[in-house]
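Student: Each chain, written out:
2 protein chains.
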Amino acid sequence: MAETVALLGGGVIGGGWAARFVLNGFDVRLYDPDPDAERTVAAMVDNARRAYRRLTLAPLPAEGALTLVATPEEAVQDVSFVQESAPEREELKRGLLAAASRAAVPDAIFASSTSGLLPTRLQAAMTHPERFTVAHPFNPVYLLPLVELCGGERTVPETIERAADVYRGLGMRPLIVRTEVDAFVADRLLEALWREALWLVAEDVATVAEVDDAIRFGAGLRWASMGSFLSYRIAGGEAGMRHFMEQFGPALELPWTKLTAVPELTDELLDKIVAQSDAQAGGRSIGELERVRDDCLVSVIHGLRSHDQGAGAVLAAYERALFAAAPAAPAAEDDAPLRLHTAVVQPEWIDYNGHAHESRYLQMFGDATDALLRHVGVDLDGGSSYFTVETHLSHVGEARAGERLGVTTQLLGHDEKRLHVFHSLHRSDDGALVATAEQMLLHVDTRAGRASAAAPELLERIARITGVHAALPRPERAGRAVSLAPRARR
Amino acid sequence: MAETVALLGGGVIGGGWAARFVLNGFDVRLYDPDPDAERTVAAMVDNARRAYRRLTLAPLPAEGALTLVATPEEAVQDVSFVQESAPEREELKRGLLAAASRAAVPDAIFASSTSGLLPTRLQAAMTHPERFTVAHPFNPVYLLPLVELCGGERTVPETIERAADVYRGLGMRPLIVRTEVDAFVADRLLEALWREALWLVAEDVATVAEVDDAIRFGAGLRWASMGSFLSYRIAGGEAGMRHFMEQFGPALELPWTKLTAVPELTDELLDKIVAQSDAQAGGRSIGELERVRDDCLVSVIHGLRSHDQGAGAVLAAYERALFAAAPAAPAAEDDAPLRLHTAVVQPEWIDYNGHAHESRYLQMFGDATDALLRHVGVDLDGGSSYFTVETHLSHVGEARAGERLGVTTQLLGHDEKRLHVFHSLHRSDDGALVATAEQMLLHVDTRAGRASAAAPELLERIARITGVHAALPRPERAGRAVSLAPRARR
Chain A
3 MAETVALLGG GVIGGGWAAR FVLNGFDVRL YDPDPDAERT VAAMVDNARR
53 AYRRLTLAPL PAEGALTLVA TPEEAVQDVS FVQESAPERE ELKRGLLAAA
103 SRAAVPDAIF ASSTSGLLPT RLQAAMTHPE RFTVAHPFNP VYLLPLVELC
153 GGERTVPETI ERAADVYRGL GMRPLIVRTE VDAFVADRLL EALWREALWL
203 VAEDVATVAE VDDAIRFGAG LRWASMGSFL SYRIAGGEAG MRHFMEQFGP
253 ALELPWTKLT AVPELTDELL DKIVAQSDAQ AGGRSIGELE RVRDDCLVSV
303 IHGLRSHDQG AGAVLAAYER ALFAAAPAAP AAEDDAPLRL HTAVVQPEWI
353 DYNGHAHESR YLQMFGDATD ALLRHVGVDL DGGSSYFTVE THLSHVGEAR
403 AGERLGVTTQ LLGHDEKRLH VFHSLHRSDD GALVATAEQM LLHVDTRAGR
453 ASAAAPELLE RIARITGVHA ALPRPERAGR AVSLAPRARR
Chain B
3 MAETVALLGG GVIGGGWAAR FVLNGFDVRL YDPDPDAERT VAAMVDNARR
53 AYRRLTLAPL PAEGALTLVA TPEEAVQDVS FVQESAPERE ELKRGLLAAA
103 SRAAVPDAIF ASSTSGLLPT RLQAAMTHPE RFTVAHPFNP VYLLPLVELC
153 GGERTVPETI ERAADVYRGL GMRPLIVRTE VDAFVADRLL EALWREALWL
203 VAEDVATVAE VDDAIRFGAG LRWASMGSFL SYRIAGGEAG MRHFMEQFGP
253 ALELPWTKLT AVPELTDELL DKIVAQSDAQ AGGRSIGELE RVRDDCLVSV
303 IHGLRSHDQG AGAVLAAYER ALFAAAPAAP AAEDDAPLRL HTAVVQPEWI
353 DYNGHAHESR YLQMFGDATD ALLRHVGVDL DGGSSYFTVE THLSHVGEAR
403 AGERLGVTTQ LLGHDEKRLH VFHSLHRSDD GALVATAEQM LLHVDTRAGR
453 ASAAAPELLE RIARITGVHA ALPRPERAGR AVSLAPRARR
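Residue numbers (our numbering), protein chains in the order written: chain A, 3 to 492; chain B, 3 to 492.
Isolated chain A, as found in the complex (with noise of 0.2 Å):
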């Protein structure tokens, strides 16, 4: 059974959380006062979903169920964890987590998304106050991994850690910051920034999308695989980390020692932002952005995974979980052309013919292909794999952008070092045959790094299946060769 979570709080905060919790597989109980709070969360966890789908492949747990609830103490009864992330408002806060505190279990953590309060304040009118922590998230926490952990005087430490873990398993990469400081870390460097920002706009140096520009196609690159200590450790060179601040002396401290006082939010400077951000957005939508947005981040993400760096390295950990936790696959659907493999197709896999490119779909078949070794058992991990030697594809159909395909696997043959297969690829929707490929597969000792013959139990595996599949209608397409002549028909 789906473990329950609550969430105190569906603002634009709450409600990331809540596509967070229910996309990983958590019942979520929330508590919003606005009359609204059902449409506008659910209307997040659809948004969110159509970014997480994006995100991975990896076998998600079925998703968790959203209910809305009348009161806080109603959310948080019998929870063992507990999101608070109502406004900004201590008083507001204190109060909503002291009269939850007394509705849970003894245990239940509770943590809270403030993006600047101090802990040891909001936790002094709970019952238990040990198990407070602060659990500060970034938007859109459905795909910015960092969470900053920081308790308070009177948290224990196995508060974190059991928090910690609690965002491990949402994908997150939790920062616990050890002191009490306003505003915690991240939030510190973004109002540092964001102050320069408003008096730059302020003093008419920069419109809002200039200074957006200059982060964008600048700095804010860097920023998404490295900060600025390890970029300025590069700059410095060979030199070294020394050398580089040692030259902030009388030049370069220039620039950092005449930033401005902080800004007056006047009516003036207000309009003035507003009319600027209404050019910049140029009339799209909050959700066509959220989606540009969106789509740019899991884009980003993926650019680091391939290097396994940042946030890329915590997707990658997130999805080796996810693939440990999947069962295995049912080995009674062997009678059948197997089913190991499904994708969606991806805006990116989209090229000028309007269509998945041609690589895409060997991209799907080489997955289905892995899906099968796995099935079968082959032991990658001992040296043991097989490479692929030959492919025939066919293109019957075309994969659109978002359409979620399913490969359907059948053995056609094997000897001890070869094996021959057949995958056809299905449109889910409607069963439709997009493509098929027929692949000669031959087995590899990866330590030797030469073909040999498979292990005696891996061959008896596969002939089993083999032979099962032998009674299944040869599909049309097998044995074809390309060719201009007429072809006679099956």
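Bear in mind the hints are in silico, worked out from the structure with no lab data behind them.
The model shown is predicted, which means the values in this text are computed figures rather than measured ones.
Please note that a few of the clues may not be correct.
No copy is singled out in the list; a pair is fine if it fits within one copy or between any two copies.
Calculated lysine to aspartate or glutamate pairs in the EDC-like style (CA-CA distance at most 20 Å, straight line) [stated by the list, open to error]: (1) Lys-274 with Glu-155; (2) Lys-274 with Asp-417; (3) Lys-419 with Glu-400; (4) Lys-419 with Glu-462; (5) Lys-419 with Asp-383; (6) Lys-274 with Glu-248; (7) Lys-419 with Asp-447; (8) Lys-274 with Glu-418; (9) Lys-419 with Asp-381; (10) Lys-419 with Asp-372; (11) Lys-274 with Glu-205; (12) Lys-274 with Asp-206; (13) Lys-419 with Glu-155; (14) Lys-419 with Glu-459; (15) Lys-419 with Asp-431.
Following the hints, position chain B against chain A.
Tutor: Structure of chain B alone, referenced to chain A:
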């Protein structure tokens, strides 16, 4: 003949400029008083070449030559563009610019890489100060597109326009700063964040690695695609930017107004940062870190390109220009298999078996087919295209990261609607055959969305090449089907 530009200064920034200019086909004359400059700049160009080859497969012009010269006067002789990247000392830059300007032709552009000195002061002692502008790039100069342009009181607008055109030609994104202000726009933002980062480390709130984590796992991922203002507009949700900004009342202004004063760069702080930075680097050399940074930047930019956003949109525009400028493939080669496509095996193409994923071979063959369609003059913009209906792939060798491969293409036959081609993929180093692809392509009227006969003039060009290729030996692997049965040698 390649155009020559002059570079004054060959440090991290000057060397980055050298790389960007050389890789874009400019001859570079570089002056740097450091006797070691020739070696270090050449190493920087080598490193940048590696990243640039991964950044784009578009046809770059032939590389320019890099020449070190003994004086600034010699460097600027007869060139129309000068980029100054001397150390950040106003007197030094003023003197260098003044001396060099006297030796240059009167309308040569002088651009300074200064990250914060004011253009009016830098241009003061120059002859023809009207042709001076600040052009402030970001490290690594060969990958980050941003360059801030800021003229002084005596700069004419034409100078900014001419400089912006030069940088656009290098695949960069000029940001024109209209107001002379210390540190311009981007560095004010970076320095604000950096100052806060130093304070966090000085006060032991966080280590340098934790500060970096607070960026790269959170907002840094957003900053790669969107700056602060657009991100916050989205965070504000449907209630809009005014609503978001108005929240900066008593609650949210707190972190923003509590930022600290400038931390003093004491010996103690310096020692701490150096020690923590060493720990963060974990023994990795600057060269290693630089490759990680560059690999991540390339992947992040590629990720953004798939959504035509930010730096990815800049890259896409640059590549369109490169393709448009590339000379058409010589028709005289039709009497041999066509050589229309080469590619370097990218590290992210490698799968768990240690060589390129099978789908990447088809990606290269697909790119070769695209090159063939351009070569025979398929009018892609006019509603004509060929879609692949069948492909037979044979894997003969393995492609490993960094190898350069070339495709040869033989036309085996055609009819009104179909085109039968055979591609062979060879390693460029030793000519070894790596893989083959036999393909049947079908002509499609992309406006009507159905197969159609190709236009007569297109068929004529195809018939001519097919006729010539008929005299070539038929490829050994043509006409092959996947089969376990013993194959007669042909």
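Student: All the hints need checking, so say for each whether the structure fits it.
Tutor: Here is what the structure says about each hint:
no.	hint	result
1	Lys-274 with Glu-155	neither (43 Å within a copy, 27 Å between copies)
2	Lys-274 with Asp-417	neither (74 Å within a copy, 64 Å between copies)
3	Lys-419 with Glu-400	between (34 Å within a copy, 18 Å between copies)
4	Lys-419 with Glu-462	within (13 Å within a copy, 47 Å between copies)
5	Lys-419 with Asp-383	within (18 Å within a copy, 48 Å between copies)
6	Lys-274 with Glu-248	between (40 Å within a copy, 13 Å between copies)
7	Lys-419 with Asp-447	within (10 Å within a copy, 45 Å between copies)
8	Lys-274 with Glu-418	neither (74 Å within a copy, 62 Å between copies)
9	Lys-419 with Asp-381	within (15 Å within a copy, 46 Å between copies)
10	Lys-419 with Asp-372	within (17 Å within a copy, 36 Å between copies)
11	Lys-274 with Glu-205	within (11 Å within a copy, 37 Å between copies)
12	Lys-274 with Asp-206	within (10 Å within a copy, 38 Å between copies)
13	Lys-419 with Glu-155	neither (64 Å within a copy, 77 Å between copies)
14	Lys-419 with Glu-459	within (13 Å within a copy, 50 Å between copies)
15	Lys-419 with Asp-431	neither (37 Å within a copy, 31 Å between copies)
Going through the hint list in order, the structure does not satisfy hints 1, 2, 8, 13, 15.
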